[in-house]
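Number of protein chains: 2
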Amino acid sequence: MAISNLDLINDCDGFPYYQADPDLYAASVCTYFELRVQDHDYAVGYMLPSVVEVFREVPSWTIDDEDRILTLAGKTTEERSAAIKTTLEALRMTGHFKVLEKWRDELYPVYGRNKELLFNVERCASPLFGVVTYGVHLSAYVRTKEGEMKIWTPRRARTKQTYGGLLDNAVAGGIASGESPWESLVRECGEEASLSEDLVRSKVKAAGTVTYFHIRTSKAGGETGLLQPECQYVYDLELPEDVIPKPGDDEVEEFYLWSVDEVREAMARGEFKPNCALVVLDFLIRHGIITNETERDYIEIVSRLHRRLEFPTL
Amino acid sequence: MAISNLDLINDCDGFPYYQADPDLYAASVCTYFELRVQDHDYAVGYMLPSVVEVFREVPSWTIDDEDRILTLAGKTTEERSAAIKTTLEALRMTGHFKVLEKWRDELYPVYGRNKELLFNVERCASPLFGVVTYGVHLSAYVRTKEGEMKIWTPRRARTKQTYGGLLDNAVAGGIASGESPWESLVRECGEEASLSEDLVRSKVKAAGTVTYFHIRTSKAGGETGLLQPECQYVYDLELPEDVIPKPGDDEVEEFYLWSVDEVREAMARGEFKPNCALVVLDFLIRHGIITNETERDYIEIVSRLHRRLEFPTL
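Chains A and W, in that order, are what the protein sequence lines are.
Taking full-length UniProt numbering, I'd label the letters of the first sequence as residues 1 to 314.
Taking full-length UniProt numbering, I'd label the letters of the second sequence as residues 1 to 314.
Keep in mind the hints are simulated off the structure, nothing from the lab.
One copy or any two copies: either way a pair holds, since identical chains are not told apart in the list.
PhoX-like, lysine-lysine: derived pairs with alpha carbons at most 25 Å apart:
| # | residue 1 | residue 2 |
| --- | --- | --- |
| 1 | K98 | K160 |
| 2 | K115 | K75 |
| 3 | K205 | K145 |
| 4 | K203 | K150 |
| 5 | K150 | K205 |
| 6 | K203 | K145 |
| 7 | K219 | K98 |
| 8 | K102 | K85 |
| 9 | K75 | K85 |
| 10 | K98 | K85 |
| 11 | K246 | K150 |
| 12 | K102 | K160 |
| 13 | K85 | K115 |
| 14 | K205 | K246 |
| 15 | K246 | K145 |
| 16 | K246 | K160 |
I would like the entire structure built from these sequences, with the hints used as guidance.
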């Protein structure tokens, strides 16, 4: 059974849309709690009730069961970040959440409506809070002398805990707090594909964002059903035929240089990490390879690749 | 006062978003009527109550005042299309709606959830029903020997009834019922810019869609407040420096070959037709000219350019 491009979208962007089915949306959202910060009357994430329960009676946290809101205390970025750090370190010690076993000592930023930094949170904990996270994804491709497009496609190390053995974009990584998307990309291009800084700074082109609202499955490792709204800054890099990306760390097993058809066949077999499949779809649409003449769900797919998230973004 | 890129988005994509403000959304939507067709339990458009009132007691139309639904009778595409035609011709004769004074004898398609054609409707009447309409927009550009990008930018004839004298995309037009986006584009490229069919078929690249939900203002001519959800298929064409687009009809006054800065300055002065400004924004983002480093509202703008419409699309 071939997987359609719309299936790939549904797999990654699984959170319901209000307009598509208001009743389903209301039924879904009413099961979650909003995450808020003190003195701000809007949600910055959605959380499972089973997760919120763990914060009951914990200092710095207040649960409003009637309106289903978990509020983090603290008047400044520093106070809120310190409070969340203390709580998470305690939860990590007690081994309560499986996702916390992948502690990375890397902070992700959470922004408010005025694009101000509300707090930082340990990367592996962000799905517990359902907050928006940010990343960079690079599509690297070659035009052969015959004019054919080929796409550099890495396979993730089979030993990776999350999505091991699946196909990825040429370079991809999360943006840590304090880092700009562009500097994050330059760093990751060196680490993951051994691409020189000069090449990256002179040849890579920004091409927008891909945004979606993912509901985590067992494939991601850790608790399932956690909410993960994400924004990926996407970039393109046309490489000369003689530049070969090489894994610079142990995250990538091998780089393939595949024709567009080979990439699409692998997508239809479900071999791509879910959000990387979306980045490929966006790339193929922007480059006129997937068109409305060949893709029944073209309009729907283009919109779904650019979901407007319900929480503030940077 | 310079107009920001987000202002341009808000100007064209003015219909509220549920998630941004559920109360405002509910307050807006509850003032409208849904347009439905017989035996289909979902909306294909939103209509103003003042428009719906005109359909009271008219054969083929049923108003449900309690649930605020206007239903078009007919079991087949042909029956429904004939019924709407009869009604609109009568309304045109009585001079009831100003938008019907621009009768074009051109039919627009309205689709259902299974992408089936539900009915055709005279182009100028589509905003009365608030149904999704489709168009094609081409960005034509040149790379000079020095590597600078320049964008072909036509000024609409000042005599045009709608958006006269404003700036446009190189080629733009509506897609009539029965016409494919690609064939529509090829035809419009000849009519509006005198571009040869060979050139268009070999060089134009599809690049996605731009979708938005517009609330009509007086600039559009006719009744204000009418709802206009639209899907524009967008295309890019890199032209050699020696190919000069020429107006092939009287819709365009003049073509300018402008630098990116000249285009952006004209956008900031509000000189572009609203939906054409959005197509330019999408072009500049896809080509890495507007980036998140230079545009404060980058994430919001990318999402808003690709709104998921609440009605079925092709």
